[in-house]
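Colleague: Keeping their order, the protein sequence lines are chains A and B. Whatever position you read off the first sequence (first residue = 1), add 3 for the working numbering. Whatever position you read off the second sequence (first residue = 1), add 5 for the working numbering.
Please keep in mind that the hints were generated in silico from the structure rather than gathered at the bench. Just so you know, even glycine gets a beta-carbon here, dropped at the ideal spot from N, CA and C. A portion of the hints provided could be inaccurate.
Which stretches of chain A does chain B cover? Using the computed rule of at least three CB atoms under 8 Å from a CB of chain B, they are [as the list claims (entries may be wrong)]: (1) 33-41; (2) 80-94; (3) 163-171; (4) 203-214; (5) 230-241.
Quick list of the computed label-pair ranges, beta carbon to beta carbon [said to hold, decoys possible]: (6) A:Asp179 <-> B:Gly61: 25 to 35 Å; (7) B:Ser322 <-> A:Tyr45: 46 to 56 Å; (8) B:Ser322 <-> A:Gly237: 25 to 35 Å; (9) A:Gly263 <-> B:Asp502: 16 to 26 Å; (10) A:Gly87 <-> B:Ile457: 15 to 25 Å; (11) A:Thr168 <-> B:Gly61: 18 to 28 Å; (12) B:Val350 <-> A:Tyr45: 49 to 59 Å; (13) A:Asp46 <-> B:Gly180: 56 to 66 Å; (14) B:Thr206 <-> A:Asp46: 53 to 63 Å; (15) A:Asn88 <-> B:Asn345: 44 to 54 Å; (16) B:Val141 <-> A:Gly252: 23 to 33 Å.
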Amino acid sequence: MKRVFLIIILVLTTGVAASNWPAQAQSSEVDDETCLACHDGYDTELSNTAHRLMTEGTASPVQCVSCHSGAAIHVEDPTTENIGNPASALPHVTEGTCTSCHQGHVMARTAGYDPHFGQDISCTDCHQVHTTHEHQLLDEEAGFCADCHTGIVSQFERRSNHPLTQEAVSCISCHDFSGNLNIAVGHGAGANCYSCHAEQAGPYLYEHEATSTFSTHGDGCLSCHNAHGSPNEGLLTQHTQGLCRQCHGVPPMHLTQHGGIGNQHDCIVCHSEVHGSYTSRSFLDPDMGIKVGDDPDGCYCHSLNGFTGR
Amino acid sequence: MKQFSTILLTGIVLLALAVSAGQAREMEGVVKAGYTSTDLEGNQSLYEPTYNLEEGFAFSLDRFRYQMENGLKLSADLHNPFLDNRRLKFGVVKSGHGGVNFKHNAYKRPYDFDGKEFTRRYSSSGSIWMRPVKQVKLFGGFGYVEKNGTSINFADPSPVAEMHEVDFARQSYYGGVELKHERSYGRFEYRTTDFNNDRDTSTDRKAMRLRATFYTPIPQYEKVVVSGGFQHFQNRLENRFDTLQANSFWGAAQYSHRWGYSLRYSFMFDRARRTGDPVDTDNLIHAVHLGKAWPRKGGVTVGYSRRLNDDLAVKRSADEYSLSGWVRPIDRLTVRASMNMLSDVIDSGRTLTGAYDRSRHSVSAKYSLKDAYVKISVSDRRRENDDIGSKVEFMRTVGELSYTNRLYGRIAGSIAYGDGKYENTAGMFEYEELSLTGQFWSAEYKKMQGGIRGIYYRAKQDIDIESFSVEFSGRIRTQDRIGVELVYSVHNYDDLDAPIVMYDQYYTANVITALVTYDL
């Protein structure tokens, strides 16, 4: 499969490198030459970007007037007031301009899983057409997100954190607004996490409902983890004992049997399969019986699926 | 390693192809070569910022961009390709025609005192796209994640935490097509994923996802746009004959008025079922947002959404209200504020968590000058579950400033203070934390530049942690393109409230990197 995939890549790459498709000329009120007569150097600035000015040899021609409307009037009376500028327009006007080519991003935004909607933030708040940065972002580092999300970025300095500062992940590893990642409700929220943490994805025979976004109970991974960073280990929102008790009471038997084991150990010592289990309804450690009492079926009185009464 | 070789080889092939395809028009980037030396002391499993540190020959190609006369662009960022903490990224793109991109990185996480027990995650991905005609874009790609090594139970804080082997791989392939006509757009994608766990093959699974999405303005009335989509998802445990499947639908309509008003309605419906379950679980959300913007002056948006969850045994609903706005009273000052309240109710049945209320507030202000800015933000979050007697509260205040001077350089700093409080049947868990960051990077003087940056973190109350890192760096340009870089950093971590003496909770690292640089 890998070999086939590589061959396909090489063939397509050769095609891309050698291709020079016929022009699909875009009708224009004012040509680029007219604009560049005054705005000298803009063609050079754009030449190394995805918005390189070109009307020939491409399936997607880009001209000055592709983004700047009203050029005909501007040529007659050159002021900043009569030329369309996506960088200073109302968000929906900018969107209208950008979506003539980049519909995917706005589609995601319209469908409601881009939280920037309603914050009066438009494409040009994160992207700048006249730069050579990758994806025309204002800045290729996490810095440009931090420009607004100051409090969030400082969470990555906590005791445990996702490795943003080591550049192993970036903001858009999880927050992708291009519409290509996973939708943010239903199973989508967890699916973002599972793209790296595949071992936790399930489905399990016995689901821990807190971790399952399919259930009516759960908030997914974020029920217990703070994805940006935490003062506790493992991105946990609090120490394990307290974390479990955020939702669970302690069964009375735990407080009386085995010298009050429920108050002596963290829940996780026995209930280790907290993400879900294939063997125990109570998420008990599948090897617990062997460890404690050489009993592969469970831990003395307890089977892996509950109290046996033995 | 085999996979890395494959990717590297492919990269070389792409590079050769690109170079042979046309004459160079523009080229930029920096090649760096040298050595990274580390001196570590203490418990290596404690301090995350240096988990992925590797000693050895350091090499990188940063921000490499190579443009051909024919419009073909080659880009590469190769960081430490010969060490186990490598990050590699390269691609070939021809705007409007097509492109190929690859990414690969390796990340190590140690779990014991000496760092001998660790897991390493290798992530690789590739994508390709091609636009044969303006209206059609074909795309595809793959993703591969492999993790192996020795880990401990993720939440076991004891010093004798049990080690266990980890060895799994997940590979996925996807492909699809995008169709465009004027401002209308549709996308169809199929994705398949295989998960193989060599330590427990009973957890092997196979997933697939089929997704179709669209976006279009209403013909003859382009102020209204609609979008929507459908997704079918299946996740099958191969050896247990257990399948989880979900169908999701979503859609939205948005109206924008030239006076700055906007109105949007959106919904999302998700139905999930697994083999053996007699009932489905339904999730449904309706949301309405109304906004008004005054160009460059301000804006306000008010929103309401209603969420319903129903699996027959339990039926719950939630109402959420939001209000956000921004104002620019003078050109240099921008103030933003938002609030959000959610009230969740159990309509029938019983749940472990019961009903809950949640609220979030935030306000921020930024004052900008030509070369400087000052910013402050305050946010808080609360969640209360009266049914089970638990309550969570957070508050966080952040201040930040930056000043750039052409003659002397740039100086920046931030301070963040936060506290959190959890109440439940186990009692109370409280913490307060302080983060301080600062950096100075000088302007170039007689071909020399230098800088310092540092981070200090302190958490107190029910936890007691102190950590800091300081980095000194200097760069000398010996000739026009050749230079020398020297970076020294020191990291320190202390858990001052370590519960068990035998498990040392301190860590110190000294790291020196010396590099020769060459500007392309």
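Colleague: Does each hint fit the structure? Answer for all of them.
Modeller: Evaluated hints:
1. Coverage of a stretch by a chain is defined here by at least three residues with a beta carbon nearer than 8 Å to that chain's beta carbons; for the stretch 33-41 of chain A and chain B the count is 0, and the condition is violated.
2. Counting residues of the stretch 80-94 of chain A whose CB falls under 8 Å from any CB of chain B gives 4; the rule of at least 3 is met.
3. Counting residues of the stretch 163-171 of chain A whose C-beta lies closer than 8 Å to any C-beta of chain B gives 7; at least three are required, and the coverage claim holds.
4. Chain B is given as covering the stretch 203-214 of chain A, and this holds because 6 residues of the stretch bring a CB closer than 8 Å to a CB of that chain, at least three being needed.
5. Using a Cβ-Cβ cut-off of 8 Å, 7 residues of the stretch 230-241 of chain A lie near chain B, which meets the minimum of three, so the contact claim holds.
6. For Asp179 (chain A) paired with Gly61 (chain B), a C-beta distance near 33 Å keeps the hint of 25 to 35 Å intact.
7. At roughly 54 Å, the beta carbons of Ser322 (chain B) and Tyr45 (chain A) sit within the given window of 46 to 56 Å.
8. In this structure the supplied range 25 to 35 Å holds for Ser322 (chain B) paired with Gly237 (chain A), their Cβ-Cβ distance being about 33 Å.
9. Checked against the hint of 16 to 26 Å, the C-beta distance between Gly263 (chain A) and Asp502 (chain B) comes to roughly 24 Å, which is consistent with it.
10. Checking the proposed 15 to 25 Å range against Gly87 (chain A) and Ile457 (chain B) shows it is violated: the Cβ atoms sit about 45 Å from each other.
11. Between Thr168 (chain A) and Gly61 (chain B) the beta carbon distance is about 21 Å. The supplied range of 18 to 28 Å therefore holds.
12. Take Val350 (chain B) and Tyr45 (chain A): their Cβ atoms lie about 57 Å apart, and the range 49 to 59 Å holds.
13. At roughly 36 Å, the beta-carbon separation of Asp46 (chain A) and Gly180 (chain B) lies outside the given 56 to 66 Å, and the hint is violated.
14. Range check, Thr206 (chain B) to Asp46 (chain A): about 59 Å between beta-carbon atoms, so the 53 to 63 Å window is met.
15. The supplied range of 44 to 54 Å is broken by Asn88 (chain A) and Asn345 (chain B), whose beta-carbon atoms lie about 33 Å from each other.
16. A C-beta distance of roughly 58 Å is found between Val141 (chain B) and Gly252 (chain A), which places it outside the suggested range of 23 to 33 Å.
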